[in-house]
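Please build the complete structure, drawing on both the sequences and the hints.
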Amino acid sequence: MTNPNAFWSGDADEVGEQLLHLARRERAPNAARERALSRVAAVSLSAAVATTANAASAAPALGHAAGLLGLKWLAIGLGAALVSLTAIDQLQRALTPAAGHGAPSTAGVAAAPVEHSVAQVWPAADVAPPVVVAPTVVAVVPTAPPVIVPKTEAPAPKAEALDAGPSAAAFEAPNRSPLAREVAALRQARTALALGKPGPALETLAAYHREFPEGILSTEEAALRVEIAFAMADANAFELSRRFLAEHATSPLAARVRALTGAKSASGIKP
Amino acid sequence: MIRPMGDLDLALHNLPASAAPVSAAAVAGRARALVLEHFDFIWRLLCRLGVPGPDVDDTAQQVFIIATQRLADVPLGGERTFLYGVALRTAATLRRNLRRRARWVEPGPADCASSEPTPHEELERRQALQFLDEVLHRLEDDLREVFVLCEIEELTAPQVAAIVQVPVGTVASRLRRARQEFGQQLRRLQAERARVR
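Top line first, the protein sequences correspond to chains A and B.
For the first sequence, our numbering begins at 10 and goes up steadily by one.
For the second sequence, our numbering begins at 568 and goes up steadily by one.
Treat each hint with caution, since some may be false.
Taking beta-carbon pairs under 10 Å as the criterion, some of the chain A residues facing chain B (in silico) [stated by the list, open to error]:
{"hint": "1", "residue": "Asp22"}
{"hint": "2", "residue": "Leu29"}
{"hint": "3", "residue": "Ala40"}
{"hint": "4", "residue": "Arg42"}
{"hint": "5", "residue": "Leu249"}
{"hint": "6", "residue": "Ser260"}
{"hint": "7", "residue": "Pro261"}
Just so you know, these hints were derived from the structure itself, not from any lab.
Using N, Cα and C, we set each Cβ at its ideal position, and we do this for glycine too.
Dropping the structure here:
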């Protein structure tokens, strides 16, 4: 029935129906599907981190319960960081066999053995695992930095809570997986920014970029760079923001950067 | 003091959906489900819409990456429509770019089958699908999209209308024209092959 000669000479109506029938039964190669699963795994991790960050930045404008707002920032940040860490830890475990050395990239994620990445990165489609609140990660950095938070509603996170997060040693520790070090580096930079120290934050980011020029979290790095630039009143802040939005227009972080840029413009800072 | 996650969830309950934090696990789970459930459809659609064989895998990946990045915009139950819409636009953009760069090699059938050594039946199957793609390639883009969605993916006219974003009546008229055109082009291609042989 699939003899090409039959298609070239048979009754056109019948041939057409046979061809369509054949096309309906076609399936994608398993390897292509598995590569897509791996790529989407990496992207969804990034998207989840960014979405929670965006949610945090949007929260103060709502202000439903005055007594709740003070705590909301810290709580949102902690919640976001916790779920992010849970997912990142899952991804780390999945990537560990393939990420022994060098800076990981998206391609590296895609190249990881599918049996590991699919089975361990992803929860069952209909049963998402609960977020585990581990005592050891309670004092992590809020993903919403105070730079974009209205002053009256969003007190800066307390230094002691922030200081309890992963240290520079954690970022630089060579025995940690590359992804864990990426996460630690960005968290360290965000901690410094949240403490009102954009200079050290920028230094940390520069160190991160040297070590991971094409890191998995490079989009987050770029977004954080914009935030730091605004915090330092850098003359290039608006240009950095414009470039980020041009290069990452579809990124979930774009909304965050756009909101920050809009807030700065509205506050009288000239683009 | 840090409250338990249950209280935190309650505290966030009043936030609008767009502002509520999304669990990484939930995002990952939903994105994975999209791939598992719809990858075959999207991959096949891209093949039939004229995406060159070597580009099909990457283009299909791109469709799901876009969907993952915009997961908040994907309505529950509307995943297939959303993905098809992204796939149609992505394929159209790719075709446009290829034409612009004059890299569109006539007749341009998409060889989507694996390049690995295949048995004789598989080879015949691939040749048949190439033949089909050659016929489809001769249809106008608008007709081709509707024809593929209706005749191969077997979607209903309202579903196709939602994907292509045209009225149902337009889908019906395009499908009618596409069927006529498909039959004519198939006969024409058969005649051309007969002359060559």
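Which of the stated hints cannot be reconciled with the structure, identified by number in ascending sequence? The structure conflicts with hint 5 only, although it agrees with all the remaining ones.
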